[in-house]
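This is what each chain is made of:
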Amino acid sequence: MDIVSLLIVLIKILVMMFGVLVLGAAMAVFAERRVSAFIQERVGPNRVGPQGIIQPFADVVKLVMKEDIVPRQANRFIHDLAPIISISVALSTFAIIPFGNTIVLFGREIKLMIADVDIGILYLLALTSIGVYGVSLAGWSSNNKYSLLGGLRSSAQLISYELSMGLSLLGVLMLSGTMRLDQIVLQQTDYWWGIIPKWNIFLQPLGFITFLIASFAETNRLPFDLPEAEPELVGGYHTEYTGMKFGLFFLAEYANVITSSAVTITLFFGGWHLPWVEQLSVSPFLLSILQMCTFLGKVILLVLFFIIVRWTIPRFRYDQLMHIGWKVMLPMAIANFLITGIVMLVWA
Amino acid sequence: MSSPGKIIRKKDLTLLQKTFIPEILKGLRMTVRQMFRPTFTQQFPEERFKPDPSFRGRPVLVAENGVERCVACGLCARVCPALAIEVQASETELVKERYPIKFEINMVRCIFCGFCEEVCPEEAIVMSQEYLLAFTSQKEALFGKERLLKSTEELKNRLEFLRNHR
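In order, the protein sequences belong to chains A and B. Everything in the first sequence is counted per the working numbering, starting at 1 for the first residue and increasing by one. Everything in the second sequence is counted per the working numbering, starting at 1 for the first residue and increasing by one.
Watch out, some of these pointers could steer you wrong.
[To be verified] On the chain B side, residues computed to face chain A include the following (Cβ under 10 Å):
#1 Leu16
#2 Phe20
#3 Gly27
#4 Leu28
#5 Met30
#6 Val32
#7 Gln34
#8 Met35
#9 Pro38
#10 Gln43
#11 Leu132
[Stated by the list, open to error] Residues of chain B placed beyond 12 Å of chain A at every Cβ, according to the derived structure:
#12 Thr19
#13 Lys26
#14 Phe40
#15 Pro53
#16 Val67
#17 Leu75
#18 Glu91
Source of the hints: derived by calculation from the structure; they are not laboratory data. Where is the CB? At the ideal position from N, CA and C, for every residue including glycine.
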């Protein structure tokens with residue numbers, strides 16, 4: 001690997017880190033606050049900057065300046081480590097998402113994804129499983145019963161939903177025959193009868209629904225946010241966290257939302273594919289830019305969907321959560337994977 | 001652990017309702033519709049609340065042609081439940097013969113009940129429509145005569161309201 005390509009990878013990492021964490025997660029927090037305000041007929045934060053757009057950065061400055069309190073009996077090292085695990089897992093998942101096809105800059109063809117790995121989807125599932133450690137270690141090391149309960153709940157919840165998440169992806173894997181996410185996206189750029197884009201959502205509606213529900217559970221978003229259920233557990237696993245350590249958990253949640261939106265789009269909505277743009281005969285450079293914008297637009301739409309769902313559906317009870325996870329989602333995922341197998345066998 | 005509560009399962013749901021999805025979509029439609037409804041929030045420092053004449057703001061002394069109507073009878077000080085008013089009477093050459101040489105309302109104590117206005121025989125103390133009262137010290141909250149006096153033109157709405165409704 002020569003120095004230039006190393007530099008390109010570094011630039012991609014920096015841009016994505018900055019884009020996803022600083023801008024993406026911060027803007028998602030802002031969007032959450034504004035959208036929830038609109039839903040509840042309020043105005044929301046609109047003072048800092050035009051329409052309050054700098055509010056999340058003001059919040060970060062506030063959090064950084066706060067005192068960092070560690071409970072007396074807490075395990076200091078693990079207490080510090082937990083938010084780091086959470087945020088680094090949330091960010092590194094983004095490494096395998098193709099946010100565009102290829103772009104030609106200064107005569108060099110650059111692939112628009114950070115890590116071009118063969119095991120794409122497996123990497124994703126493995127990393128999301130590590131994400132549990134952040135939450136459950138935070139719960140355990142705080143030496144607080146509410147934190148511990150939150151951490152335990154999250155590990156139970158994530159393990160149950162991990163299964164149906166992995167199984168719901170099997171359908172997509174079987175159809176595409178590859179784990180490389182860029183290949184999966186490329187296969188979705190085709191058309192049926194030249195009109196309908198060959199997105200996986202049309203082939204795998206059941207798999208899509210199971211995956212979406214599982215990703216809500218994986219990101220600890222509202223219908224499944226039992227690890228931090230405020231009315232029962234104070235703040236759940238981050239009860240004992242203050243300052244920017246709390247802020248890291250907070251940002252990790254939104255980075256996770258963005259990442260799982262991006263994954264959903266890559267697997268089911270054709271990734272960066274903008275339908276019918278091939279007929280327009282635009283220049284390749286402009287096409288790459290357009291594709292990146294398409295990807296961004298799709299991610300924003302799905303993040304908005306995540307936010308609106310949060311303010312629509314009440315939290316599940318814990319037994320309902322387990323009931324849905326094991327008795328509904330798992331059979332659904334298995335049924336989806338069986339049906340896909342049978343259909344493929346009959347068709348081919 | 002306490003015993004778990006009885007779980008209620010509704011038996012009469014249709015299959016479509018049991019899948020949650022159409023019901024969730026209904027809920028989503030509701031929240032999205034709610035998003036585009038107008039808000040009633042007032043953007044405070046820029047937009048100010050304009051009170052009706054019936055509003056009880058801070059009590060003020062009515063000044064007719066630059067002279068207060070007050071004859072320093074002390075009824076307002078007597079009736080004030082929060083003991084916020086202090087009046088000291090003195091004599092004057094005017095027709096009314098008495099006037100308050102000192103009239104002080106402690107705005108930290110005032111509870112805006114309007115009893116002073118109700119009891120006043122001369123219609124000399126009324127509740128104005130001012131409500132922005134923020135102080136940085138106790139001393140600043142002592143309103144003397146110079147800050148209490150307001151001309152009849154400024155208080156026209158309130159005086160008219162009192163005449164019509166009392």
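Right, here's what the structure says about each hint:
1. Leu16: violated (14 Å)
2. Phe20: The hint holds - B:Phe20 has a Cβ within 10 Å of chain A, the shortest such distance being about 9 Å.
3. Gly27: holds (4 Å)
4. Leu28: Holds - the Cβ of B:Leu28 comes within 10 Å of chain A, reaching about 5 Å at its closest.
5. Met30: holds (7 Å)
6. Val32: holds (6 Å)
7. Gln34: holds (5 Å)
8. Met35: holds (4 Å)
9. Pro38: Interface hint status for B:Pro38: holds (8 Å vs cutoff 10 Å).
10. Gln43: holds (8 Å)
11. Leu132: violated (19 Å)
12. Thr19: At about 9 Å from chain A, B:Thr19 fails to clear the 12 Å cut-off, so the statement is violated.
13. Lys26: The assertion about B:Lys26 is violated, with a minimum of 9 Å to chain A.
14. Phe40: violated (7 Å)
15. Pro53: The assertion about B:Pro53 holds, with a minimum of 29 Å to chain A.
16. Val67: holds (46 Å)
17. Leu75: holds (46 Å)
18. Glu91: Holds, since 55 Å exceeds 12 Å.
Comparing the model with each numbered hint stated earlier shows that hints 1, 11, 12, 13 and 14 do not hold.
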